[in-house]
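Chains P and V supply the protein sequences, listed in that same order. Just so you know, the first sequence maps onto residues 1 to 411 in this note's numbering. Just so you know, the second sequence maps onto residues 1001 to 1168 in this note's numbering.
To be clear, the hints were calculated from the coordinates, so they are not data collected in a lab. A hint or two may mislead.
Here are some, though not all, of the chain P residues that point toward chain V, as calculated from beta-carbon distances under 8 Å [to be verified]: (1) 177; (2) 235; (3) 268; (4) 272.
Where is the CB? At the ideal position from N, CA and C, for every residue including glycine.
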Amino acid sequence: MMIKRAFIFLVLAQVASMVSPRVVLASDEEGGFDALHHSANAYYLDFAPFGKMELPRIFVVQREDGSYGLELFRSTTSAIRTGHFTVELVKDTHEEAAEDLLGESIGQGESAPVHQEQVVHAEAEGDGHAADSGKLTLAELEGHLLAPNGGHIVLDLSISRHLFFAWIAMGIVLFLMTRLAGMYKRGIGRSTAPRGLFQNLFETIILFVRDEIARPNLGDKANKYLPYLLTAFFFILTSNLLGLVPFGATATSNLMVTVVLATFTFILTQLGGTKDYWMHIFWPPGIPTFVKPILMPVELLGIFTKPIALAIRLFANMTAGHLVILSLIGLIFSFASLFGSGAGFGVAPVSVAFALFVYMLELLVSLIQAYVFTMLSALFISMAIQEHHHDHDEAHHGDEHVSAHTEAISA
Amino acid sequence: MIVLAADLLAPDAGLIFWIAITFGLLLFVLSKFAWKPITSALSERETTIHKSLAQAEKALAEAKQLQADNTKARRDAEAQAQAIIRESREEAERVRTEEVDKTRSQIKQLQDQAQAEIAREKDSALNSLRQEVADLAIRAAEKILRENLDADRQKKIVDNFLGDLTKN
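Isolated chain P, as found in the complex (with noise of 0.2 Å):
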């Protein structure tokens, strides 16, 4: 109990150390929101209109002389102060971006980003004053850091949003589930019923990608990929809620994220993959043989495509749904500044309620993208661990019947 409440002191301690009256005036400089912002990636955590805090920066340099060092900070702040690093002021390509989109017809609305523009261009000018002084600006933390004297970062290993929320979600997964095993060993639900909501809960779920994902499609091998569909069913679900979560980020909109989940059932797959797999690829039975070579490029194509699109598809139904929630959001604030706060006032009740809607939605996406990544790599590992006996008119038929269910889901 004593460090429970020491450890909530501390993190309390930390927000307060990294909140700062600039930061907060900064956000609000900005004059409305940018919801592709929100959905980015960055180095710290957002905890608008309370703040925000730095998360710790860890980089991989290569010196001047060739040598490489790691170079650890506690955020993005220290490593400035030190000196050490400084900081490259992209001057915010996404505010000239929605400029050109919004055009000409913004009319007063101009005003606030050239006043930002104003400010940005005052801090880049003072930047070793920022540094030595205070807080950073929302642009400085966005910035990407630069090793001083011509050395370079390799690798840039921080703790980014999305990276801590995914730690925060396998911290969650890990948690629950090691509790949830406790009750199997100590015997609940082993001889005796399931007890309790909790064990309920997850051990249908649990059964649920079992006899509904893993065994369907892959048979008798079901529990040798039971482990890993259960594992990326449990992390991907719990990030996307995350994202649900206030002052939350959801880090399976990352495409980094999708694209290592991604990278793990493709692993899977290649190392599962039968001889029948790689003989339909590289010499596919059946047809005529001069049409092989042609095939076999589209073949081996399509090994990489059904990753590719397991992650893509992930990562655009996480964001997209931010992207709307956010967009009807800023609907109040574009009909604010466009026909006056009257109107902005009036079309709120509406946003509000329609971005509500799309909560829900997501609510309903977050789970709907847990089973459709899980039942997806499944069926492209049982694709390869399956050992054709019958005739190639029915393996092919088998194609075509996967490709359209596919097809189905993604749509």
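Once you have looked at the hints, place chain V on chain P.
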């Protein structure tokens, strides 16, 4: 362009590195410490349930068989009892009929005997009567002859004789 501008698609080697390592670690740890005990417990429970169900089914079948056997045995016993009762009834009837027949034939026999006796008695009585009559006739004739009487007397004697006859 917007998407690129907001770094949504920017490659991030550090993130890939961390996620790959930590997800791999999560997969390993969960497989070992969560999924293995959970799935083994679940399949163990399922086997137990399946086994129990099969056992219950078997027990039920056995009980049903036993009940059927019992019912069959009871039916058999009842049928047997009925048969015994019927048989004994028939036997009793048969014995009674036999007895009646026997009695009847005995009675008949006795009757026959009696009738035969009566007939014989009658015959012997008739015979003795005939002898008596003959004797009487002879004696009467003797008297007639002996007394040598007139016609009136003769007539009187005969009448007396006949009167005696009717008396006898």
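Results for each hint:
1. 177: Cβ of residue 177 of chain P sits 4 Å from chain V, so the hint holds.
2. 235: With Cβ-Cβ at 7 Å, under 8 Å, it holds.
3. 268: For residue 268 of chain P, the interface hint is violated, since the closest Cβ of chain V sits about 10 Å away, which is over 8 Å.
4. 272: violated (15 Å)
Comparing the model with each earlier hint shows violations of hints 3, 4; every other hint is respected.
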